[in-house]
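*Asks:* Can you build the whole structure from these sequences, using the hints too?
The listed protein sequences derive, respectively, from chains A and B. Under numbering that gives the first Met the number 0, the first residue of the first sequence carries the number 0, and numbering increases by one thereafter. Under numbering that gives the first Met the number 0, the first residue of the second sequence carries the number 0, and numbering increases by one thereafter.
Certain hints may be false.
A pair counts as met if it fits within one copy or between any two copies, since identical chains are not told apart.
[Stated by the list, open to error] Heads up, simulated SDA-like pairs for lysine to any residue below, C-alpha to C-alpha not over 25 Å straight-line:
(1) Lys226 - Asn177
(2) Lys56 - Ser25
(3) Lys127 - Asp86
(4) Lys226 - Glu80
(5) Lys103 - Thr148
(6) Lys103 - Asn142
(7) Lys48 - Lys169
(8) Lys181 - Ile224
(9) Lys206 - Ser53
Honestly, the hints are just simulated from the structure, not real lab data.
Protein chains: 2
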Amino acid sequence: MLSIKPIHTNYLNADHSMNLLLLSPSDFYHQNRARIDDRRLLHLQNILKTAPESILKVGLIDGQIGSGTVLKIDATMAELEVSFERDPPPALPVTLVLALPRPKALRRIIRNVAVLGVKRIHLINVWKVEKSYWQSPLLSPDNIREQLTLGLEQAVDTVMPQVSLHPLFKPFVEDELNDISKNTLTYVAHPGADNPAPSTNPQADNKPPVTLAVGPEGGFTPYEIEKFEEVGFLPISLGPRILNVEVAVSALLCRY
Amino acid sequence: MLSIKPIHTNYLNADHSMNLLLLSPSDFYHQNRARIDDRRLLHLQNILKTAPESILKVGLIDGQIGSGTVLKIDATMAELEVSFERDPPPALPVTLVLALPRPKALRRIIRNVAVLGVKRIHLINVWKVEKSYWQSPLLSPDNIREQLTLGLEQAVDTVMPQVSLHPLFKPFVEDELNDISKNTLTYVAHPGADNPAPSTNPQADNKPPVTLAVGPEGGFTPYEIEKFEEVGFLPISLGPRILNVEVAVSALLCRY
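*Replies:* Quick look at the structure:
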């Protein structure tokens with residue numbers, strides 16, 4: 000019987016392409032030989048219709064990217080011989096400070112942020128975040144890791160982002176934010192701000208690191224914006240429209 | 000009994016904020032007096048918990064934005080007295096040519112594109128679009144209009160975008176695309192292209208109009224890229240990662 004960990008994502012259905020088969024050290028049973036028997040196997044069987052001798056793009060979590068030849072694939076597992084050749088793409092040098100979204104949006108946003116190459120995410124509490132969001136099972140480390148993994152598989156990247164939870168706003172913004180954002184350009188998204196969101200050439204090297212704060216649906220309160228400004232964050236706007244958080248995050252990140 | 004048209008969106012649940020109550024001429028029973036009894040009423044009752052004398056932001060489809068005072072609200076309908084004062088925000092001067100996404104992604108993408116201010120969308124067929132997508136009920140004019148409406152309500156905009164369907168690629172790119180993109184800068188998104196996606200100040204006036212082509216998951220084929228290049232489209236990239244279509248569209252549009 001196929002052993003599948005029950006998880007919340009209908010991963011064979013959603014808009015996710017497994018452009019990379021991401022392996023962890025525990026998948027290896029021998030040097031350069033890996034075995035998989037979980038949702039990745041289902042994906043190979045059902046979506047990619049992988050057969051023996053297929054060659055797949057593979058990556059090692061926090062390691063390199065290369066190729067894997069399928070030695071064997073059946074109903075219960077697949078075995079691959081792999082070799083790694085190149086580094087993953089450079090990280091997007093943006094630290095994201097994000098008001099905790101509602102659970103269903105959180106899943107997609109975490110995944111999209113991983114797709115875009117962000118490696119450091121701080122989920123914070125603000126006035127307009129409902130207390131119930133902090134109890135969501137989708138906030139468990141396993142569930143967050145799953146969405147990050149799906150994002151890396153889509154983007155063809157291996158470097159696992161880190162996500163921290165900060166359920167108390169004032170201690171976060173007074174005691175932690177300064178260290179988190181040290182030596183970075185700092186911006187807080189705020190509809191109606193005078194300053195436009197800056198942008199760079201997406202293919203440039205040596206982009207200056209940025210810390211970007213994005214609020215909840217409905218925005219940060221004036222008090223919260225002041226607290227960000229006290230730590231040097233510049234309010235920026237993306238134009239006259241009120242964007243939902245999911246679109247706003249993609250939009251802001253893609254300018255770097 | 001409340002008469003609700005059955006529609007596919009679980010609109011009371013998804014990441015949609017009704018920041019604007021959008022009215023059509025048929026909602027008016029008297030000059031400046033409108034009555035609603037559909038999902039917008041449900042939203043007022045359940046999410047906004049609107050009471051008589053509440054003042055709401057309202058807009059007239061393809062018209063102005065203003066405010067409405069709730070005269071009466073009960074289980075079956077709400078009546079408002081409205082006055083319109085200001086123009087909607089300027090359109091984003093981008094015509095989007097988009098390979099038809101899978102149905103579930105289509106809904107969100109249509110909505111997001113409306114949120115971002117795009118007014119002209121051409122859904123086209125390419126090699127990697129599955130034929131079944133063209134049969135989806137989510138492609139009906141009513142369903143498309145619904146997603147556009149939700150986008151306008153989120154963004155606080157009134158100007159209804161237009162969506163055209165083009166199930167045949169070659170006639171579209173050979174006979175229609177030149178006229179569609181006349182007098183615009185023309186770009187086709189292509190992972191791996193040398194040219195970076197251009198960007199502008201989001202708050203600038205007089206931004207040059209752009210026609211932007213975005214492919215399916217898996218990208219345009221080399222043949223399709225050539226056809227776009229024949230009509231003067233420049234291949235552009237957003238960097239080394241493979242973005243899913245939803246993120247790519249938000250990312251590309253937000254650079255204008």
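*Asks:* Each of the hints needs a verdict: does it hold here or not?
*Replies:* Each hint, compared with the structure:
1. Lys226 - Asn177: within (11 Å within a copy, 51 Å between copies)
2. Lys56 - Ser25: Within one copy only: 18 Å inside a chain, 55 Å across chains, cut-off 25 Å.
3. Lys127 - Asp86: neither (40 Å within a copy, 29 Å between copies)
4. Lys226 - Glu80: Result: close neither inside a copy nor across copies, 53 Å intra and 39 Å inter.
5. Lys103 - Thr148: Intra 17 Å, inter 21 Å, cutoff 25 Å: intra and inter.
6. Lys103 - Asn142: both (12 Å within a copy, 22 Å between copies)
7. Lys48 - Lys169: neither (51 Å within a copy, 30 Å between copies)
8. Lys181 - Ile224: within (18 Å within a copy, 43 Å between copies)
9. Lys206 - Ser53: neither (38 Å within a copy, 48 Å between copies)
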